[in-house]
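When we follow this note's numbering, the leftmost residue of the sequence shown carries the number 24, and every step to the right adds one.
Bear in mind the hints are in silico, worked out from the structure with no lab data behind them. A hint or two may mislead.
Label pairs and their computed distance ranges (CB to CB) [claimed, not checked]:
| hint | residue 1 | residue 2 | range |
| --- | --- | --- | --- |
| 1 | T52 | R28 | 39 to 49 Å |
| 2 | G56 | R28 | 44 to 54 Å |
| 3 | N67 | V125 | 38 to 48 Å |
| 4 | Y103 | G76 | 16 to 26 Å |
| 5 | D104 | D62 | 32 to 42 Å |
Simulated crosslink set (SDA-like; lysine to any residue; CA at most 25 Å straight-line) [claimed, not checked]:
| hint | residue 1 | residue 2 |
| --- | --- | --- |
| 6 | K40 | A114 |
| 7 | K40 | T98 |
| 8 | K40 | T100 |
| 9 | K40 | V60 |
| 10 | K40 | G115 |
| 11 | K40 | V125 |
| 12 | K40 | S65 |
| 13 | K40 | R30 |
| 14 | K40 | S102 |
| 15 | K40 | I117 |
| 16 | K40 | V64 |
| 17 | K40 | T95 |
| 18 | K40 | N83 |
| 19 | K40 | A101 |
All figures in this text were calculated on a predicted structure; none of them were measured in a lab. All C-beta atoms in this analysis are idealised placements derived from N, C-alpha and C, irrespective of residue type, glycine included.
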Amino acid sequence: MALTRPRAAQIYNLDYKQAVRAVAVSNVTLAGGAPAVVDGVSLNVNDRVLCTGQSTGSQNLIYVVTTVGSGTTGTWTASYDDTANEGTIDAGTIVMVTEGLVY
24 MALTRPRAAQ IYNLDYKQAV RAVAVSNVTL AGGAPAVVDG VSLNVNDRVL
74 CTGQSTGSQN LIYVVTTVGS GTTGTWTASY DDTANEGTID AGTIVMVTEG
124 LVY
């Protein structure tokens, strides 16, 4: 198959987000029990984590670790790095994951 130039209609609406440190592909507790380790990465305060496996679809977002811990102490808050659509990730959004054993 020959390479072709992309057309403007194919790339005009791509959305890139700032990289995350890890991705959580299964449901996690976000407040009062957020994990301290995701995909083998020990998280620190202000680390960004992409959640893709939440049972509530609207919670599949990029989060910032606000309190490291587990049990009742770990807390993540939604990252609002897109001021036009705060707290949303549109289909086709591109997010780079910088660490992880699997992803």
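### Task
Could you work out which earlier hints the structure fails to respect and list their numbers in ascending sequence?
3, 5 and 17
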